[in-house]
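**Student:** Sequence:
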Amino acid sequence: MDGGGRVFGPLTGRSKPGASPRPRATGRGRAAAFHHSHGPFVRLRRQGTRLVLWVEAWPRWFGKAGFVLVMATSIGFGIVRGGHGPDVIAWLDDARHMAANAAGFRITAVALTGQKHLTRDEVLAIAGVTGHTSLLFLDAAAARTRLEESPWIGEATVQKLYPDKLAIDIKERNAFALWQKEGQVGVIASDGTVLEPFVSPDLVALPFVVGKGAETRARTFLAELSKVPAIREQVRASVLVGERRWNVLLANGVEVKLPETGVARALDHLARLDREKNLLARDITVVDLRMPGRVTVRLSDRAAEAREEALKPKKKKGGNA
47 MDGGGRVFGP LTGRSKPGAS PRPRATGRGR AAAFHHSHGP FVRLRRQGTR
97 LVLWVEAWPR WFGKAGFVLV MATSIGFGIV RGGHGPDVIA WLDDARHMAA
147 NAAGFRITAV ALTGQKHLTR DEVLAIAGVT GHTSLLFLDA AAARTRLEES
197 PWIGEATVQK LYPDKLAIDI KERNAFALWQ KEGQVGVIAS DGTVLEPFVS
247 PDLVALPFVV GKGAETRART FLAELSKVPA IREQVRASVL VGERRWNVLL
297 ANGVEVKLPE TGVARALDHL ARLDREKNLL ARDITVVDLR MPGRVTVRLS
347 DRAAEAREEA LKPKKKKGGN A
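Quick note: to get the working numbering, add 46 to the position in the sequence shown (first position is 1).
Just so you know, these hints were derived from the structure itself, not from any lab.
A virtual CB, placed ideally from N, CA and C, is assigned to each residue, including glycine.
Hints are not guaranteed to be accurate.
Claimed, not checked - Using C-beta positions, here's what the derived DEER-type ranges look like:
1) PHE244 / ASP185: 28 to 38 Å
2) ALA186 / LEU296: 50 to 60 Å
3) LYS227 / THR342: 22 to 32 Å
4) PRO338 / ASP215: 48 to 58 Å
5) PRO338 / PHE244: 37 to 47 Å
6) PHE244 / HIS315: 34 to 44 Å
To be verified - List of simulated lysine-lysine pairs, DSSO-like, C-alpha gap at most 27 Å:
7) LYS273 / LYS323
8) LYS217 / LYS206
9) LYS323 / LYS227
10) LYS211 / LYS162
11) LYS162 / LYS206
12) LYS323 / LYS303
13) LYS273 / LYS303
14) LYS227 / LYS258
15) LYS162 / LYS217
16) LYS206 / LYS227
17) LYS258 / LYS303
Make the full structure from the sequences, and use the hints.
**Tutor:** Here it is in structure tokens:
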């Protein structure tokens, strides 16, 4: 073998004593015989020699780096396969916050403005700020996004004041009404956003609306109702019927059916009838204002029976009926 990895056969050979010399091949026959007996092995040995020389030319650290890469890949695969990825990411995140806190970037003061319904702890929890959060690695944009995803918060700003202070300003949505749908009652804002799926004790006095679509149409209807205080003060609930028109239930149990259009005019008419004829204090259950210029009432069962009794023909004195 020469330095280039080439392999050569012997130029001369010795015959065993007593052996007859092998006929010498010439020309194409000799070339074919050599290729048949040595060709593939010569190529393999030549390639193997080149591979060894190439590997020997690698830097000494290459093997160690390769080993580390293989181990890291194996560990990473095991973490992903075992479902431990989130835990590892959380651990690394905690580690970097600890390092930043040790370097003087611990959040020592938070200036919070704008909260009314939400508490300070609730706002900080939504923003993702804890006692271990460092100012250096706090993502202000992500904190703002989390705050504005809260139903109670309409707008938010988050400012990092290095090295250790944080400023958060929020604008809360106002609780506007209680909305019931399919038996569930929640708190809504004026735009219909559901603020919370339950009712806090301090919100039970809000206007009460019922029905599919009522959450987005309540603001317009309640604005019309507020123009007639004499009626608004008696309303216990407003029910959207077929997503088209409203009925109002009064505190005394009377149901008022309003038209699809001309709601303000119908409410004014009702207030006038109640003021002039004390309509809503009578023994009735329904006032129907759906037809323009016409008022229909339904008597209670007791009032209906009394009316029927009053309309019966009475016996004449001294004679047959």
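**Student:** It remains to establish, for every hint, whether it holds in the given structure.
**Tutor:** Evaluated hints:
1. PHE244 / ASP185: 28 to 38 Å: The hint (28 to 38 Å, Cβ to Cβ) holds, given that PHE244 and ASP185 are roughly 31 Å apart.
2. ALA186 / LEU296: 50 to 60 Å: Holds: the Cβ-Cβ distance is about 51 Å, inside 50 to 60 Å.
3. LYS227 / THR342: 22 to 32 Å: holds, 29 Å
4. PRO338 / ASP215: 48 to 58 Å: 51 Å Cβ-Cβ, so the 48 to 58 Å window holds.
5. PRO338 / PHE244: 37 to 47 Å: For PRO338 and PHE244 the Cβ distance comes to about 41 Å; the hint holds.
6. PHE244 / HIS315: 34 to 44 Å: Given a distance of about 38 Å, which is inside 34 to 44 Å, the answer is holds.
7. LYS273 / LYS323: Given that 27 Å is the threshold and the Cα spacing comes to 21 Å, the pair holds.
8. LYS217 / LYS206: holds, 19 Å
9. LYS323 / LYS227: violated, 36 Å
10. LYS211 / LYS162: With a Cα-Cα distance of about 22 Å, the restraint between LYS211 and LYS162 holds, given a limit of 27 Å.
11. LYS162 / LYS206: This hinted pair holds, its Cα atoms lying about 23 Å apart.
12. LYS323 / LYS303: Answer holds: LYS323 to LYS303 is near 19 Å, not above 27 Å.
13. LYS273 / LYS303: holds, 18 Å
14. LYS227 / LYS258: holds, 6 Å
15. LYS162 / LYS217: With Cα atoms ~9 Å apart, LYS162 and LYS217 stay inside 27 Å; holds.
16. LYS206 / LYS227: violated, 42 Å
17. LYS258 / LYS303: Holds, at about 17 Å.
Consistency note: the structure conflicts with the earlier hints numbered 9, 16.
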